Amino acid sequence: MSDSVFYILAIIMAIAFRYNLQMNGMTLTIGKLLSDTDSPTGFQDAITPPEHTNFTLLTWVSIVILISTASYFSGAGIATFAIFTLTSILTGIFLQDKTKEHCTLRIYKSMVRRYADFIRNNDTVRAAALYALIDKFEQRVFKDQTQNNPSPNETSQ
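Going by this note's numbering, the first residue of the sequence shown is number 1, and it counts up by one from there.
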């Protein structure tokens, strides 16, 4: 396998890694915002989309395999790691603000989907708990967006 394949994979993995870090950061920030306690993580675990855990594991394992394989088969491990690191830093600098809204909406949609699943499965206890979090989410997280963008009914009054 040529070194360029390792370098291209390093760029792809770095972008996935930064997206993963951004999503983890947003779940932590929103989880703390929803919590009324001094917990260091708030409701981070409760609001993290279930599929994100699999994405995190896949990303980390893929990075280790990529750099190990590049080192073992072609001696390009250091260069692959350098490209991965540089791409990760640059992606973080240029995309951090652009992915915040995406991550926030992804968290919200995941909560709403899980709420609907709980209702469909007659799991009223979990549905009620998640509904309370969704309500807090709408009041505390979307509050700034509704203040900056009034609804059509508010503008016509």
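Keep in mind that the hints are not guaranteed to be accurate.
[Stated by the list, open to error] For lysine-lysine, the following DSSO-like pairs were computed, each having C-alpha atoms within a straight-line distance of at most 27 Å:
#, residue 1, residue 2
1, Lys98, Lys143
2, Lys143, Lys109
3, Lys136, Lys98
4, Lys109, Lys136
5, Lys32, Lys136
6, Lys32, Lys109
7, Lys98, Lys109
8, Lys32, Lys98
9, Lys143, Lys100
10, Lys32, Lys143
11, Lys32, Lys100
12, Lys136, Lys100
[As the list claims (entries may be wrong)] Simulated restraints, written as ranges between beta carbons of each label pair:
#, residue 1, residue 2, range
13, Phe94, Asn121, 20 to 28 Å
14, Arg113, Phe73, 39 to 47 Å
15, Lys100, Ser62, 20 to 28 Å
16, Thr124, Phe73, 31 to 39 Å
17, Ile119, Leu57, 52 to 60 Å
18, Val61, Lys98, 37 to 45 Å
19, Ser71, Val125, 46 to 54 Å
20, Ser68, Val125, 42 to 50 Å
21, Val61, Leu86, 17 to 25 Å
22, Asp3, Asn122, 20 to 28 Å
23, Ser39, Leu90, 43 to 51 Å
24, Ile119, Ser62, 31 to 39 Å
25, Lys100, Trp60, 42 to 50 Å
26, Thr85, Tyr131, 27 to 35 Å
Hints listed in this document are in silico derivations from the structure and should not be mistaken for laboratory results. Remember, predicted model here, so these are calculated numbers, not experimental data. C-beta: ideal position from N, C-alpha, C; glycine also.
Comparing the hints with the structure gives:
With a CA separation close to 19 Å, the supplied pair Lys98 and Lys143 stays within the 27 Å bound. Restraint check: the Cα-Cα separation between Lys143 and Lys109 comes to about 17 Å, which is no more than 27 Å; the hinted pair holds. Pair hint Lys136 plus Lys98 holds up; C-alpha atoms about 24 Å apart against a cutoff of 27 Å. A hinted pair counts as satisfied when its Cα atoms are at most 27 Å apart, and Lys109 with Lys136 qualifies at roughly 14 Å.
Pair hint Lys32 plus Lys136 holds up; C-alpha atoms about 12 Å apart against a cutoff of 27 Å. Between Lys32 and Lys109, the direct Cα distance comes to roughly 18 Å. Compliance with the 27 Å bound is thereby established for this hinted pair. A hinted pair counts as satisfied when its Cα atoms are at most 27 Å apart, and Lys98 with Lys109 qualifies at roughly 18 Å. Taken as a hint, the Lys32 and Lys98 pair is honoured in the structure, with Cα atoms around 21 Å apart against an allowance of 27 Å.
At roughly 15 Å between alpha-carbon atoms, Lys143 and Lys100 fall within 27 Å of each other, so this suggested pair holds. Among the hinted pairs, Lys32 with Lys143 is consistent with the structure: their alpha-carbon atoms are about 16 Å apart, no more than 27 Å. A hinted pair counts as satisfied when its Cα atoms are at most 27 Å apart, and Lys32 with Lys100 qualifies at roughly 16 Å. As the CA atoms of Lys136 and Lys100 are separated by approximately 19 Å, the hinted pair is consistent with the 27 Å bound.
The supplied range of 20 to 28 Å is broken by Phe94 and Asn121, whose beta-carbon atoms lie about 42 Å from each other. For Arg113 and Phe73, the Cβ-Cβ distance of about 42 Å falls inside the hinted range of 39 to 47 Å, so the restraint holds. For the pair Lys100 and Ser62, the beta carbons lie near 25 Å from each other, so the given range of 20 to 28 Å is met. For the pair Thr124 and Phe73, the supplied restraint of 31 to 39 Å is violated, since their beta-carbon distance comes to about 55 Å.
A hinted range of 52 to 60 Å is violated for the C-beta pair Ile119 and Leu57, which are about 29 Å apart. Between Val61 and Lys98 the beta carbon distance is about 27 Å. The supplied range of 37 to 45 Å is therefore violated. The beta-carbon spacing between Ser71 and Val125, approximately 50 Å, falls within the hinted interval of 46 to 54 Å. About 45 Å separates the C-beta atoms of Ser68 and Val125, a value consistent with the hinted range of 42 to 50 Å.
Distance hint for Val61 and Leu86: a CB-CB separation of about 22 Å, consistent with the stated range 17 to 25 Å. Distance hint check: the CB atoms of Asp3 and Asn122 are about 56 Å apart, inconsistent with the given range 20 to 28 Å. The hinted window of 43 to 51 Å between Ser39 and Leu90 is violated, with their beta carbons roughly 34 Å apart. Evaluation of the 31 to 39 Å hint for Ile119 and Ser62 yields a pass: the beta carbon distance comes to about 36 Å.
Between Lys100 and Trp60, the C-beta spacing of about 23 Å breaks the proposed range 42 to 50 Å. The given range of 27 to 35 Å is broken by Thr85 and Tyr131, whose C-beta atoms sit roughly 43 Å from each other.
Hint compliance for this structure: hints 13, 16, 17, 18, 22, 23, 25, 26 are not met, and every other hint is.
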